[in-house]
Amino acid sequence: MEVIFVLIGFSLLLAVGFLAAFFWAVRDGQFDDTHTPSMRVLFDDTPENNIDK
Amino acid sequence: MTKIETLEKIKCYHCGDDCRESDISIDNKYFCCSGCRFVYELFRGNKLDGYYRLNANPGVNRRVGARSDRFACLEDRDIARKLVDFADDKINRVTFHIPGIHCSSCVWLLENLNRLHPGIPLSRVNYMRKEVSLTFIPEQISLREVVELLSSVGYDPEINLRNLERKTVGMPKDRLYTRLTVAGFCFANIMLFSFPEYFDAAQIAPKFRNFFGFLKVALALPVFFYSSAVFFKSAYHGLRQRIVNMDVPISLGILMLFARSFYELFSATGIGYMDSFTGLVFFLLIGRVFQKKTYQRLSFDRDYKSYFPISVNRKEGNTEIPVAVNRLGIGDRIIIRNKELVPADSVLLEGNGQFDYSFVTGESQPLEKKPGDIIYAGGRIAGKAVELEVIKKVSESYLVELWGDNIFNRTERTGIESLSNTISKYFTVAVITLSIATAVYWYFVDPSVAANAATAVLIIACPCALALSTPFTLGTATRILGRNGFFLRNSRIVESLAGINSIVFDKTGTLTRTGESKIKFIGVDLSARQRAIVKSITGQSSHPLSRKISRLFSDDPVANIESFEEFPGLGLSGVIDDSTVKIGSAEWIGLTNSEQQSSDNFKTRVYCSVNDNILGYFSFTNVYRDGLESLINSLRSKFRLYLLSGDNDGERENMKRLFGDDSRMLFNQSPHDKLEFVKQLQSGGDRVAMLGDGLNDAGSLKQSDIGIAVTVDTSSFSPASDAILDSNSLHVFDKLVLLSIKCLRVIKISFGISFLYNIIGLSFAVSGTISPLLCAVLMPLSSVSVVLFTTLTIAFLARRLELY
Amino acid sequence: MTIETVNYDNRIVRSFGIATLVWGSVGMLVGVVIAIQMFFPALNLGLAFTTFGRLRPLHTNAVIFAFVGNAIFMSVYHSLPRLCKAEMFNKALSKFHFWGWQAIIVAATLTLVTGITTGKEYAELEWPIDILIAVVWLAFGANMFGTIFKRREQHMYVAVWFYIATFITVTILHVVNSIELPVSFLKSYPVYAGVQDALVQWWYGHNAVAFFLTTPYLGMMYYYLPKAANRPVFSYRLSIVHFWALIFIYIWAGPHHLLYSAIPDWVQSLGTVFSIMLIAPSWGGMLNGLLTLRGAWDKVRTSHVLKFMVVAITAYGMATFEGPMLALKNVNALSHFTDWTIAHTHVGALGWNGFLTFGILYWLIPRLYGTKLYSDKMANAHFWIGFLGILIYVIPMYFAGIIEGLMWKEFTPDGFLRYPNFLETVLQVIPMYIIRAVGGTLFLIGMLLMTFNLFKTIRLGSLIAEEKVEVPALENNREEIYNRRNFHRWIERRPVKFILAATVAVLIGGIVEMVPTFLIKSNIPTISSVKPYTPLELQGRDIYIAEGCYNCHSQMIRPFRSETERYGEYSKAGEYVYDHPFQWGSKRTGPDLMRVGGKYPDAWHYGHMIDPPSMSPGSIMPPYPWLANNELDIGSTPAKINAMRKLGVPYPEGYENIAIEDLNSQARQIVGILGEAGIEIKTDRQIIALIAYLQRMGTDIKVQREGGAR
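Protein chains in written order, with my numbering: chain A, 2 to 54; chain B, 24 to 827; chain C, 4 to 713.
Isolated chain A (complex conformation) (with noise of 0.2 angstroms):
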C-alpha cells in the first residue's frame, strides 16, 4: 500500500523536473521568436535550396 505514497511523491518530483525543464526552454530562447519558425519551414525544401539543378 505504501507504494502509493513512493509513486506519487516521485511522480511529483518529475513533475517539478518537467516545470524546470520547460523554464529551461524558455530562458534557452526556443520560444524567443514565436514566428520565423513558422516561416522557414516553407524554405526548408525550396527547389532553389537543392546544390543541383
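None of these hints come from the bench; they were simulated from the model.
Note that CB positions come from ideal geometry on N, CA and C, so glycine has one too.
Among the hints, erroneous ones may be present.
[Stated by the list, open to error] The following label-pair restraints were derived from C-beta to C-beta distances:
| id | chain 1 | residue 1 | chain 2 | residue 2 | range |
| --- | --- | --- | --- | --- | --- |
| 1 | A | V27 | B | K661 | 45 to 51 angstroms |
| 2 | C | A145 | B | V312 | 36 to 42 angstroms |
| 3 | B | R76 | C | A95 | 56 to 62 angstroms |
| 4 | A | V27 | C | K94 | 32 to 38 angstroms |
Fit chains B and C to the given chain A structure using the hints.
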C-alpha cells in the same frame, strides 16, 4: 504621353514599382532602374532567385543611390566594437535592425547570405523584430563590407546612436512569467488533489487524505514564497511611502489564506484552502502580466538616439573624416548632406538650406535657414550639402535637453491620484475593523468560532477582482485608443484625460493640415504654354512647393528644358526655348520689399516670371483638417476650448466660426506665451489638455496636465508629450476623450461588482460558515466575471462610439 | 564554421509510404468484411480464422498500427530531417525499423487470426510480439533523437515536439500495459487483475488514441498543412501553447472510459473533468489549422491535397468536441456499450487520420518522384467518394447507438423492460449495419483509387533517392554563437532535456492515473464467496478470450435499474479480483454475460455455440462448431495454475499437480449433464471448458446469498 501610359502598366520585377523607362530589362524581365536590375542579376548569379519565387516583386527599390562613404564610420574601431554583440579572432556576431524586412522572401534571402559572401556563414532573422543577427568571419569580410552588402541588396541596416550603447530592452526583470507558471502549475496539481475531497471525501482512506494534505502544503510553499512575493513587496513599498495600495489588502488575504490552510492541514482539522490560495495568486499574476504587457506596448522606447546617426563627416582642413557624433566637440565643423540629420545644435556657416523637422514635429514643410541661423539638432536637410559649426555637444542640444527632462515619471504630477489606491485605503481599514469586530463578537458568543470567522473575513475580502478590474479596463482602453491613432505614454493618462475640463489647441499643424495647403495662382491667367513651362521647370525640383505647383498642372504637356538650376532658399531658374523662367521667392525674381508688402502677406507665396516679366504668384493657404467643425462643436459642449496660434490672425474669422468667443483665441503667440497661458489657466484651477506640435510647443505641452502631440507620422517622437495623436484621427478626438471618461465609469462599476462578491462572501465569513469548496468557487468566479465584464464593456462602448 | 551538404534520404520515406498504402487497403478491407459479418455472419465461411471475434482485433490493429503507424513513420522520416537540417541519424536503423515494423504487422496478422491474443483491446498481441514492438520502437526513437542531436537548426519546430512526445508516451504506455507473465511461448497473463487491469488498460487505450492517433498527426498537420498551402501556420505561438496544454492534460483523461464501472467515483470524476478541459487545446489546434487557410480558400477549392486536410482538421474538431461530451456521465450512461462509440471513433479514424494521411500522400509521393500526380480527376473522385463514405458510415451508427441506448433503458408503464430480450434491440439496428457497410465500402474504394493513382504516379516519375541541401554547420559554432559555457556536457543539450521533460509529463499522468488501482485494493470489499476459477473454468476463460467474445459481450453490469433488471445484480469491484485479464468489453453487440452463469442449462449453451439461431432465432452471432471438435490443451493446466498463483490467485501449494484431475472430473460432470440432454461428446473438447466458464460467471455472489439464507 501614350507611351508613358503603357509603361506605367509594367511593374519592376524586383521592387514592383512602375517602370518609367522601357530599356532596363534582362531575360525579358523589366526593371524600374538599373539598381534593381543589378540586384536581380546578383541574385540570379548566386542561386538566390528563389527570392522572386516566394513572393512577387519582393525587392526594395534601389533608385536612390547611396553615398559611397555612408558607412565609412564602421571602419572606426571602437564604433565597430560597440556594434558587434560578440567577437573573437575567428568570428564576429552582430545584430542589425532592418526596417526593410517585410516578407518571407526577405527572411529567406537574409538567411542565405552565405551565397552572396562566404564570409557570412550564418544569419538568422527575427521577423517580428525585423532583426537579422549574422555571424561573419573578419578575415574574409569587414563589418563595413557586411553592412554595405546588406544595403546593396536593399536591406539597409538601421545604424544610429542607439546601437552604440548596450541595449537593455524592457523593464526590470521581475520574472513575472516564471512566477505565473509556478503558480499555475502548483494550482493545477493542488486542484488535482482537491478533487477527491470535493467529489466524494467518503471514499478516501484517512491516511490518503493526510498525504494529499501534505502534498498541498508542499505545492503551496513555492507559490507563497516565490510567486506571491510580488504582492508582498509592492505592499511593503507602498506602506513605506504611506500609500495603502491595492496590494496591502491582497497580501493580507493571501497571508491569511495560506496561514489558515497551513494550520488546518497540519492540525488535521480541515482540508484547507490551498487550491483557492494558489488559484488566487495565479489569477492576480495574470492581471500583473497583462498590466506589464500594456505598459510595454505603451512605453515609447524611441528617443532621439534612434534618429541620430552614429557619425558625421568632420571637416579637417579640406578633407572630411567620419567621426562618431558623441565625440563631436564645440567648434567642430561638420558637413551635412542631402537627407542627413543635424546631430547637434549648430550654426549654419555656408549655403542656405531647407531643414525639415518632421521627425520631431511631423511637420513636413521644411524651414528656410540662412547662414548665421542656429540649427537645432534634429533637422534633416533637403537639397545641397551645408557646412555647420557645432555650438553644443550632442548630449546638451535643445532636443536632448527636452528629452532629458524625464517627463516619463511625471505620473505623480497628474492631478488625479490613481483611483484604486484611494479605494483600497478605506477598503483595508474597513476589512480589518470588520474582522476584529467579528472576532470580538464571536469571542463572546462562541470563542471556538472566533479565530475561524475573523480569518475567514480577511480571506474572503481579499480584493482579487478589485485588483484585476483596473489593469484590464485600462489595458483594453489603451489598446483601443492606440488602434485609433492615440498613443498614451502610460495607461494612467486615461484617468487623467477623464479629469480635464479645458482643451487648448495650437493652430498650425494641429487644426490645419501640415504640408497640404490650397494653391491659387494670382496674376495674369496663364496660357497653356506658360502652364507647360511652369510645370516642366517645377517638375525638375524636389522642393515640396515646386512639387505642389507642378502637380497643379498635372494634365498639361511637358516642355523640353534646355537648362535648369535650383538655388536652395531662393528658387528655380531654367531656360526653355530661349526664354528664361524664374520661379521662387519675391527677392529671387527681383521684387523689392515695398512691392510685395500687401494685405494677406504672411501666407506663403511663390512668384513666377518669364524673361523677368512677372506673371504673378502662387499663394498657399492652410487647409483645415476634416471633421474639425463637428469635433469642435461636440467638444464645446463639454470643455472650455482655447486656440493659440503662432501665425497672424488671418484666420481669425474662420476660427471665430468654430470657437465662437474671441477671448478664447490668441494669435501671434510665441511658444513662451503659450506656456504662460497654460500656467494661467491652471492657476485658475483648470485641468488643461493641450494639443500641439512636439517641438515648438514643447514647453506648453509639458506644462499642461496632458500634453498631446499631434503628428502626421506617429512614429515621430515627441519629447514633451504624454500622448501622441495621429493627425488623421483628430476628428475622433472627442470620442477618444469620451471613451476615457466612460472607461473610468466602467472601473467604478466593476469595483461595485467585486464589492458585491465580497459582501456575499463576507456574509458567510462573518457567520463563521465558510467552506473550502465555496471559497474555491467564489474566488475564480468573481475574478473571471469582473475581468470579462470590464473588457467586454469597453469593447462594446468603443463599438458604439465607432472606434475600432 | 563551415557549410555542410546534407543528403535527405527519400528511399525510406518511399518504403513507409508504400507500406501505408498496402496495409491501409488491407486493414480497411478487413473492416468492410466484419462490417458485413455483422448482418451476414455466414461471411466467415464457417472458418475460425475469419470469424468476427478474431477479425475485429485484426482490423483495429491493422488500421491503427499498420496504416496509421506507417503513415506516421513516413512523415517523420520525411519532415524530421528537413526540420533538423540533418540526415536521419542512421540508415541501417531506418531499414531495421522499417522491416521490423512490417514483421510485427505480419506476426500480428498470423497470431490474431489463429486466436492467439491477450484479450486486451488494442493491445491484443502476445508477449513475444510485444517485445519485438518494444525493440523496433526503441530503434525508431534512437534514430529520431540521433537526428535531433546532430541537427543544424537551433530551433525545434513544434512538429518535432509532437513527434518526441509521441515516442516517449507510447513507449511508456506500451511497456506499462504489456507487463504480463508468460505461461508458454504464445500465452501469458497480465499482472494486473480486474479493476486494476481495467484502469491500466483504459489509461493505455485512451492514450493510445491520444498519442498514437493524435499527437503525431498534429505534428504532421503543423508541417504539411503550411507546406501544402505554402503559407505559415496561423499562429506559431498558439501551436506551442497547444502542445504543452495537450501533453499535460491528455494523459489524465483515461478513466472516462470507465464511467459507471466499478472504479471509485472520484477517479471517474477526475477523468471527466480533464476530458472537458481537453476541448480547449484541441480546438485551439483545430482553429490554428483552419485559420492557416484564411484568405486561401480559393486554393482549397482547387487543390485536392488541401481539401483532404480541411476535412481532416474539421473531423478532428468534431471528434475532440464529441469525446468530452461522451465523457459526461449522463451522456455516457446512454452512449456507452452502444454503436455511438463506433461512430465517434470512426469520425476520428476515417476523417482525421484517414483524410490527413491521404492529403499528405497526395502531396508527398509526387514530390518524391519528381513528377505530377497521375490523375487529379481520380484524386478528386477519391475525395468525394471518401467524404460520402464517412457520412454514410457515421450517421447510421449514431442512429444505431441512440436506438440501442434508448431501447435498453425503456420500461413499460408497469415497470417491466419493454424489450426484455436483448436480441430485439439488435434486430432493430441491423438495417443501420447494412448502410454502414456501404459507407465503409465506399471509403475502401476511395483508398484503392488512391493506391492505384499513386502507383501510377510512381511509374511516371523516378525516385529522387537523395535531396542535397547546403546548410551551415550549427554544431561546431554553437559555443561561439550562443557563447555557452560547458556546452560539452551533452546533458546540457536541449533534446535530452526535452526527452526528460516529456517523459516526466507522461509519467506524472501515468503514475497518478495508476494510483487509484492501488487505492482500490484497500477499497475493494473482498467478497469471501468470490473464489478462484477451477482449472476447467480457467481453460474455458482462455477460450473465451481466444475467440474474442469480449468484442461483442461485456462483463460489466452498470448500476442502472435497466441493467440490473436485465442482467441482475450490478458488478462489484471485488468480483474481478481473479480476472487476468479483465474482460469488461467496450461494446454490446450481444448481451452482457456478467451473470450468465446458471441462467441456461448446459445443453442450451452447447446448442447455442454450435448454431446460435437454433436457440435464439435471428441471432447474428456466428456459430462455433469447431469448439466441439477441437481438443482442449489440458497439458497446459499446471503451468497456468502456477502462473496464476504467482500473480496472487490463492491456489493452494501443489494444487497444480491435482489440477488436471479436478479438471477432468468437472468435465465429466458436464458431459454427463449434456448426455442426459442427448448430446454425445468427449470430455476433452474445448466447448466443455467454455460451458464450464459460462456457467460459473457471476455466480459467486449468488452463492453468498444462499449462504446468507441458510
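Hints and how they fare:
Between V27 of chain A and K661 of chain B, the C-beta spacing of about 48 angstroms keeps the proposed range 45 to 51 angstroms intact. The supplied range of 36 to 42 angstroms is met by A145 of chain C and V312 of chain B, whose beta-carbon atoms lie about 40 angstroms from each other. Judged by the Cβ atoms, the range 56 to 62 angstroms given for R76 of chain B and A95 of chain C is violated: they are separated by roughly 37 angstroms. Taking the beta carbon of each, V27 of chain A and K94 of chain C are about 35 angstroms apart, inside 32 to 38 angstroms as hinted.
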